[in-house]
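Enquirer: Given next are the chains, with one letter for each unit.
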Amino acid sequence: MDYEVVIGLEIHVELATKSKIFCGCTTEFGGEVNTHCCPVCTSMPGTLPVMNEKAVEFAVKAGLAMNCEIAEFSKMDRKNYFYPDLPKAYQISQFDLPICKGGYVDIDINGKMKRIGITRIHIEEDAGKLIHDPHGKGSLVDYNRCGVPLIEIVSEPDMSSPEEARKYFEKVRSILQYTGVSDCRMQEGSIRADVNLSLRPAGSTKLGTRTEMKNLNSFRSVFNAAESEIKRQSGILRQGGRVGQETRRWDDDAGKSFPMRNKEEAHDYRYFPEPDLVPIILTKERIDAYRESLPELPWKRFARYTEEMGIPGYDAGIITASVKTSDFFEEAVKYGADAKTAANWIMGDLMRLMNDAGTEDIPFGGKMLAELADLIGQGRISNNIAKTVLSEMFATGGTPSFIVKEKGLEVVSDRDELARIVDKVISHNKKSVEDYMGGKEKAMGFLMGQVMRETGGKANPTMVKAMLADGLKKAMEP
Amino acid sequence: MKITEETVEYVAGLARLLLSADEKKMMSDQMGDILEYMDKLNSLDTRDILPMEHLERASNVFREDSVVKSFDRDKILANAPDKEEGAFKVPRIVD
Numbered sequence: 001m002d003y004e005v006v007i008g009l010e011i012h013v014e015l016a017t018k019s020k021i022f023c024g025c026t027t028e029f030g031g032e033v034n035t036h037c038c039p040v041c042t043s044m045p046g047t048l049p050v051m052n053e054k055a056v057e058f059a060v061k062a063g064l065a066m067n068c069e070i071a072e073f074s075k076m077d078r079k080n081y082f083y084p085d086l087p088k089a090y091q092i093s094q095f096d097l098p099i100c101k102g103g104y105v106d107i108d109i110n111g112k113m114k115r116i117g118i119t120r121i122h123i124e125e126d127a128g129k130l131i132h133d134p135h136g137k138g139s140l141v142d143y144n145r146c147g148v149p150l151i152e153i154v155s156e157p158d159m160s161s162p163e164e165a166r167k168y169f170e171k172v173r174s175i176l177q178y179t180g181v182s183d184c185r186m187q188e189g190s191i192r193a194d195v196n197l198s199l200r201p202a203g204s205t206k207l208g209t210r211t212e213m214k215n216l217n218s219f220r221s222v223f224n225a226a227e228s229e230i231k232r233q234s235g236i237l238r239q240g241g242r243v244g245q246e247t248r249r250w251d252d253d254a255g256k257s258f259p260m261r262n263k264e265e266a267h268d269y270r271y272f273p274e275p276d277l278v279p280i281i282l283t284k285e286r287i288d289a290y291r292e293s294l295p296e297l298p299w300k301r302f303a304r305y306t307e308e309m310g311i312p313g314y315d316a317g318i319i320t321a322s323v324k325t326s327d328f329f330e331e332a333v334k335y336g337a338d339a340k341t342a343a344n345w346i347m348g349d350l351m352r353l354m355n356d357a358g359t360e361d362i363p364f365g366g367k368m369l370a371e372l373a374d375l376i377g378q379g380r381i382s383n384n385i386a387k388t389v390l391s392e393m394f395a396t397g398g399t400p401s402f403i404v405k406e407k408g409l410e411v412v413s414d415r416d417e418l419a420r421i422v423d424k425v426i427s428h429n430k431k432s433v434e435d436y437m438g439g440k441e442k443a444m445g446f447l448m449g450q451v452m453r454e455t456g457g458k459a460n461p462t463m464v465k466a467m468l469a470d471g472l473k474k475a476m477e478p
Numbered sequence: 001m002k003i004t005e006e007t008v009e010y011v012a013g014l015a016r017l018l019l020s021a022d023e024k025k026m027m028s029d030q031m032g033d034i035l036e037y038m039d040k041l042n043s044l045d046t047r048d049i050l051p052m053e054h055l056e057r058a059s060n061v062f063r064e065d066s067v068v069k070s071f072d073r074d075k076i077l078a079n080a081p082d083k084e085e086g087a088f089k090v091p092r093i094v095d
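Sequence lines, in order, name chains A and B. Per this note's numbering: the first sequence = residues 1 to 478. Per this note's numbering: the second sequence = residues 1 to 95.
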């Protein structure tokens with residue numbers, strides 16, 4: 001029997017606020033264990049939470065960018081469970097009246113658009129971190145992350161392959177970065193996904209039993225975890241077995257998932273309205289003001305790049321995938337770089353440098369790329385030398401003109417110096433000169449190459465060509 | 001509405017409470033009474049009454065997103081029954 005895959009994602013995102021959701025402790029990543037804590041975020045008796053307004057703003061902006069309906073009335077609720085990562089023994093979250101509902105995100109699957117529904121987005125607080133005691137006697141708890149504001153974005157079960165799940169995750173991350181809602185640093189766990197997956201006989205409309213895989217923090221692990229879970233579930237079903245509803249932990253290194261011991265007897269969280277926090281009421285004016293303040297989103301930029309700037313769709317897709325790259329491109333163009341030239345540099349050398357360094361950050365602004373392109377345009381450096389300059393810019397953050405000057409990379413246009421080198425090359429390469437005289441035009445290319453080698457690639461090619469032609473003509477005369 | 005002892009045990013388990021046989025009986029009676037009262041409320045006609053989503057009548061109490069100094073770790077850990085390397089220490093947790 002053939003099975004159909006049904007995937008839904010729950011994405012947790014730490015918001016880019018400076019302070020925690022209910023207190024003024026910093027949200028900065030890292031820091032010594034338990035040094036970003038106060039009585040509120042460690043739940044000391046008698047403390048009261050106060051909502052960070054910026055967290056509400058970010059949640060609404062995320063919702064607007066994902067085409068959600070924003071609730072004019074929403075409230076916080078208590079989700080009760082005992083686990084030492086939450087010292088209150090409950091998490092402040094939202095239950096029946098989330099701040100955003102019913103949106104969607106469009107993803108591109110082999111050139112075709114697929115719409116993935118967003119069920120809801122709600123605000124909640126992050127939990128602390130358990131460090132397993134190396135001596136094995138107990139667990140250690142660090143509450144630095146406890147109380148960092150989160151939104152949870154719950155999708156409809158609209159994805160039907162691991163590839164779609166990955167694309168959706170990428171798209172959501174990109175939108176969150178564009179809107180400035182989160183920095184989405186994956187290695188710091190500031191965005192992570194739970195994958196809900198089930199199989200059903202092809203053509204059936206009834207959902208099968210699903211499993212949930214928690215805390216996947218890379219695009220690759222979402223893809224791999226989904227793929228592995230499809231194999232596991234279809235294996236069980238093909239043997240006539242039944243998939244059990246459970247939570248599983250994905251082990252990236254082992255490349256497989258393991259059942260998690262049940263934290264709580266069933267998921268009985270006994271939600272009730274949080275009495276310590278008052279409801280959030282958003283007027284239409286306020287929601288509109290948030291909408292107005294949204295930056296231009298990736299699909300709009302994509303359209304502008306392809307339609308107005310003549311950038312190929314493939315390139316525009318890659319450049320707009322990350323707000324950092326896209327902003328960089330915009331800046332380069334703003335400072336006078338030709339759009340296509342800038343796109344080519346980004347798609348080629350810059351992406352390679354970023355990949356090699358394993359970073360999404362470009363250590364200099366787009367203005368610097370414009371300056372580099374200008375140096376080429378003025379004929380002050382060659383294209384090849386520009387590649388060297390770019391690597392140097394990436395490594396040191398130096399400006400192109402500084403690097404060119406410092407390393408003496410400027411094109412040699414000094415007629416006397418070039419004449420000296422051309423003469424030298426002609427007298428040292430008798431064989432090629434004879435070949436050229438014998439009608440082998442190709443020998444010219446070789447001689448050009450020799451001049452370039454002598455000058456470290458810096459010779460002005462137009463001048464060299466003319467001078468070589470001159471020199472050879474002279475050599476041919478008796 | 002009757003609350004069985006199994007329900008009491010289940011709820012007590014969720015709340016990490018250990019109840020004696022007498023206490024279970026008392027709880028099942030009291031919880032039953034509460035739910036019975038709810039049934040009474042359900043008999044009222046509330047068609048024209050807006051649902052009360054929250055007890056609090058105020059709304060939009062916010063703080064500005066600004067960082068204030070956190071507490072010294074020693075103070076945060078002062079009342080911890082057990083600690084190690086700057087962390088709270090709890091019985092071993094296995095996933």
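Hints were generated in silico from the structure; no laboratory data involved. Nothing here was measured: the structure is a model prediction, and the numbers come from that model. Be aware that one or more of the hints could be misleading.
Lysine to aspartate or glutamate pairs mimicking EDC-like chemistry, simulated, CA-CA at most 20 Å apart [stated by the list, open to error]:
(1) A:Lys387 <-> A:Asp435
(2) A:Lys231 <-> A:Glu410
(3) B:Lys69 <-> A:Glu53
(4) A:Lys430 <-> A:Glu454
(5) B:Lys75 <-> A:Glu32
(6) B:Lys69 <-> A:Glu28
(7) B:Lys69 <-> A:Glu32
(8) A:Lys18 <-> B:Glu84
(9) A:Lys171 <-> A:Glu188
(10) A:Lys129 <-> B:Glu64
(11) B:Lys89 <-> A:Glu454
(12) B:Lys89 <-> A:Glu392
(13) A:Lys137 <-> B:Glu84
(14) A:Lys129 <-> B:Asp74
(15) A:Lys129 <-> B:Glu85
(16) A:Lys424 <-> A:Glu406
(17) A:Lys137 <-> B:Glu85
(18) B:Lys83 <-> A:Asp85
(19) B:Lys2 <-> B:Asp33
(20) B:Lys40 <-> B:Glu56
(21) A:Lys424 <-> A:Asp414
(22) A:Lys367 <-> A:Glu392
(23) A:Lys129 <-> B:Glu84
(24) A:Lys300 <-> A:Asp108
(25) A:Lys129 <-> B:Asp82
(26) A:Lys79 <-> B:Glu53
(27) A:Lys54 <-> B:Glu64
(28) A:Lys79 <-> B:Glu56
Sample of chain A residues with no beta-carbon within 10 Å of chain B, all distances over it, derived [said to hold, decoys possible]:
(29) Val33
(30) Met113
(31) Arg115
(32) Lys137
(33) Ser161
(34) Lys171
(35) Arg242
(36) Pro279
(37) Met347
(38) Gly456
(39) Met476
(40) Glu477
For glycine and all other residues, C-beta sits at the position ideal for the given N, C-alpha and C.
Enquirer: Hey, does Val33 (chain A) actually stay past 10 Å from chain B on C-beta?
Expert: The assertion about Val33 (chain A) is violated, with a minimum of 4 Å to chain B.
Enquirer: Tell me if the straight-line CA distance from Lys89 (chain B) to Glu454 (chain A) falls inside 20 Å.
Expert: With Cα atoms ~69 Å apart, Lys89 (chain B) and Glu454 (chain A) exceed 20 Å; violated.
Enquirer: Tell me if the straight-line CA distance from Lys83 (chain B) to Asp85 (chain A) falls inside 20 Å.
Expert: holds (15 Å)
Enquirer: Has the given pair, Lys137 (chain A) with Glu85 (chain B), been kept, meaning a C-alpha gap of at most 20 Å?
Expert: holds (14 Å)
Enquirer: Assess, step by step, whether the Cα of Lys129 (chain A) is no farther than 20 Å from the Cα of Asp74 (chain B), and give holds or violated.
Expert: Holds, at about 19 Å.
Enquirer: Verify the proposed pairing of Lys367 (chain A) with Glu392 (chain A), using a straight-line Cα cut of 20 Å.
Expert: Holds: Lys367 (chain A) and Glu392 (chain A) sit about 16 Å apart, inside 20 Å.
Enquirer: Hey, Lys69 (chain B) versus Glu28 (chain A), does the alpha-carbon distance stay inside 20 Å?
Expert: Answer holds: Lys69 (chain B) to Glu28 (chain A) is near 12 Å, not above 20 Å.
Enquirer: Going straight from one Cα to the other, do Lys69 (chain B) and Glu53 (chain A) come out at no more than 20 Å?
Expert: Since the Cα atoms of Lys69 (chain B) and Glu53 (chain A) sit roughly 19 Å apart, the hinted pair holds (cutoff 20 Å).
Enquirer: Lys171 (chain A) and Glu188 (chain A): Cα distance at most 20 Å?
Expert: holds (19 Å)
Enquirer: Would you assess whether Lys171 (chain A), listed as outside the interface, keeps its beta-carbon beyond 10 Å of every beta-carbon in chain B?
Expert: Since the minimum Cβ distance to chain B is about 27 Å, Lys171 (chain A) lies beyond 10 Å and the statement holds.
Enquirer: Run the distance test for Lys231 (chain A) versus Glu410 (chain A): straight-line Cα separation, threshold 20 Å.
Expert: violated (58 Å)
Enquirer: Regarding the pair Lys430 (chain A) and Glu454 (chain A), is the alpha-carbon distance no greater than 20 Å?
Expert: holds (17 Å)
Against the hints set out earlier in the document, violations occur for numbers 1, 2, 8, 10, 11, 12, 16, 20, 29, 32 and 36.
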